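Undergrad: Chain residues, written in single-letter form:
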Amino acid sequence: MRRLGPDDDPDRLYTVTGGRSRAADDRTLDLVTLIVSECEPAPGMQSEHVRILAMCRRPVAVVEVSAELRMPVSVVRILLSDLLDTGKVTARHPRPVTQAHLPDTDLLKEVLDALHRL
Amino acid sequence: MPPPSRPQAARSPLGDALLTLPAALLVSGGLCLWASLTAPDTVSTALAWCGGAAAVLLSAAVSTSVYGLRLSRRHLADADAVRAEADAVRAEAELLADETLPALVAQLRGGASADTALGRTAQPATAAHRRIMQTLAVEVGRGERMRAAAMSACANAAGRVQALATGMLADLREMEHRHGEEVLGDLLRLDHSTAQAGRLADSIAVLTGARSGRRWNKPIAMESILRGAMGLISAYRRVQLHNSSTAAVAGHAAEGIMHALAEVMDNAASFSPPTSPVHVYVEEAQAGVVVSVEDSGLVMSETALRRAESAVSADTLDLMSLSGTRLGLAVVGCLARKHGLNVSFRPSARGGTGVVVLIPQQLITEARPAGRPAARDAAQDTVHEPVPAPGPQAVRAPSEPVAPVAPSEPAVPATPPVPVAPPAPAPPTVPPQAARAAAAPEYGESGLPKRRRGQTLATTAPSGTDRAPAARPAPPRPARSREEAAERFRTFRRAVQGTPGDPPAPSPAPAPARPEDDIR
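Just so you know, the sequences run in chain order A and B.
Its first residue numbered 1, the first sequence is counted upward by one per residue in our numbering.
Its first residue numbered 1, the second sequence is counted upward by one per residue in our numbering.
One chain only, chain A, in its complex shape (with noise of 0.2 Å):
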């Protein structure tokens, strides 16, 4: 059993959300959608956003949003589209890569060979 530390936060998660477990939408924010804020964190805002609007100057993952704030994805997600919501941030999906940018399969496997007999 792990005890908490002196360390953590006395925040609980639910408090944090405000008591939601999944976003309202089911907005597509998978973990390396890129988010990127859209403007200057206000006084009086959760503290978290204000974290999320400042680490997401430059475009930043879903995922290292995550890890930055030390919280679930899943809750991320929620405050992630509460400012997607209000027009805080922006979502950028990763582009597609189509077929025909990517190199052989027959390319690859002797790169692979190569760098295996280094």
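Do not rely on the hints blindly, as some may be mistaken.
[Stated by the list, open to error] Label pairs and their computed distance ranges (CB to CB):
| no. | chain 1 | residue 1 | chain 2 | residue 2 | range |
| --- | --- | --- | --- | --- | --- |
| 1 | A | Glu38 | B | Gly351 | 36 to 42 Å |
| 2 | A | Pro43 | B | Gly340 | 24 to 30 Å |
| 3 | B | Arg189 | A | Leu107 | 51 to 57 Å |
| 4 | B | Asn217 | A | Thr28 | 39 to 45 Å |
| 5 | B | Arg337 | A | Thr28 | 49 to 55 Å |
| 6 | B | Ala150 | A | Thr28 | 56 to 62 Å |
| 7 | B | Gln361 | A | Pro43 | 19 to 25 Å |
| 8 | A | His101 | B | Arg189 | 44 to 50 Å |
| 9 | A | Gly44 | B | Arg211 | 44 to 50 Å |
| 10 | B | Ala163 | A | Pro103 | 30 to 36 Å |
None of these hints come from the bench; they were simulated from the model.
The model shown is predicted, which means the values in this text are computed figures rather than measured ones.
Glycine included, every Cβ here is placed at the ideal spot set by N, Cα and C.
Starting from the known structure of chain A, fit chain B onto it as the hints suggest.
TA: Here is chain B on its own, set in the frame of chain A:
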């Protein structure tokens, strides 16, 4: 009238009267005899008869009156003695009631055993009083022991429940991190119930004088305090926080204040309509931080307000005031006494009741937790240092899809630090050279890179210690070294102190000057 003979010797009134009777008979009989002898013969017989009868009657009357007189005098004396005795007894009883018994009870309350307390207090003279004291000491002592035993049993049980709840909360937190969205809702619900159970255990612990469940080693930001408090009550969704304070509460008091606020919020939530919100405002004042909790429920009557105030401001906890079902105000009172909080009640402008909690200034500290993450963010924004903090790394590890993101990170760090150091004119060209020159000879005899001590002192002795040629280009170095020395010292100091330091120069210099130092 014959005087009473030998009044002192006559002990009993009856004896006095019996002594008086012959004397009176003698005197009156003599008079009667003399009268009958001296009187003429015609009346002498009649006179003798009458005189005899009168003498007998007279003596009877005299002795009776003497008897009565003696008796009444005797009774008067008796009454005086009885009164004096009664006064003495009363005084003793007063002493017993006013001084002896309170002293005895105080001894017993102080934890002394019945015998010890009896030995330490002055014993009354009367045997009955001594018996009263004895009985009282034994009974009060027993009551006191029972109370202490019950308290410690409760405190012990509460402590165990606290430990269990704390452990469960930690486990739940871990599970919330480990499991996905599909169970998060259930975990959060369990988390919430566990937190409430923990609060109940904390309440019992506070009332029994034990310590509260957790203690924090760092100041806790006001927002966390409020959220922690609202997480402890069942209707936390109705609580609306209006907080822009960046103050923090000292770690040792944080848990207690959170608990007190939770009780206040719980009261507000349970005495207002189940759909109406409970508003919590935070305001920084001269005397400390003021937290007001306002509901829009029932207005408390004047007497109820006074009763509530007295419950939270009493000097000691009165266990009799516990009603069994509602412990909240008593708990708030205990915590207020412990941490010096000032709690007051007033009718709220929203129509319900407002509770104002003043957290004194000495419990308020600078908001370190709020400042630290910001500094860390800033540092990560400007320079993505090549060695990321272990914390995020560890958290990031389990999630696989990091790979696509990672490449972008190392690409950034190399470039941005350079443009940050404008003040030195020469450095841009010198540092790489000098660094390489300094780095080259560092590979010692063992073939391992060696770091030379006193590198930054090269200004005074540029020839170095063993590798003179490497240190030969002396002229440009002083400027660079002084720069670097200042930078490195600043970085070192910041790292040691752990404070955010001055924002304009986050941590750019050390990276370009001596990369190997940082990596090592």
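Undergrad: All the hints need checking, so say for each whether the structure fits it.
TA: Checked hints:
Hint check: Glu38 (chain A) to Gly351 (chain B), Cβ distance near 39 Å, so the stated range 36 to 42 Å holds. The hinted window of 24 to 30 Å between Pro43 (chain A) and Gly340 (chain B) holds, with their beta carbons roughly 29 Å apart. About 52 Å separates the C-beta atoms of Arg189 (chain B) and Leu107 (chain A), a value consistent with the hinted range of 51 to 57 Å. Asn217 (chain B) and Thr28 (chain A) have their C-beta atoms about 40 Å apart, which keeps the hinted 39 to 45 Å range intact.
Restraint check, Arg337 (chain B) to Thr28 (chain A): a C-beta distance of roughly 54 Å satisfies the suggested window 49 to 55 Å. Restraint check, Ala150 (chain B) to Thr28 (chain A): a C-beta distance of roughly 58 Å satisfies the suggested window 56 to 62 Å. One distance hint, 19 to 25 Å for the beta-carbon pair Gln361 (chain B) and Pro43 (chain A), holds here, with the actual separation near 22 Å. Distance hint check for His101 (chain A) and Arg189 (chain B): the Cβ-Cβ separation is about 46 Å, which falls inside the suggested range of 44 to 50 Å.
The supplied range of 44 to 50 Å is broken by Gly44 (chain A) and Arg211 (chain B), whose beta-carbon atoms lie about 34 Å from each other. Taking the beta carbon of each, Ala163 (chain B) and Pro103 (chain A) are about 58 Å apart, not inside 30 to 36 Å as hinted.
Violation of the numbered hints given earlier is confined to hints 9, 10; the remaining hints are satisfied by the structure.
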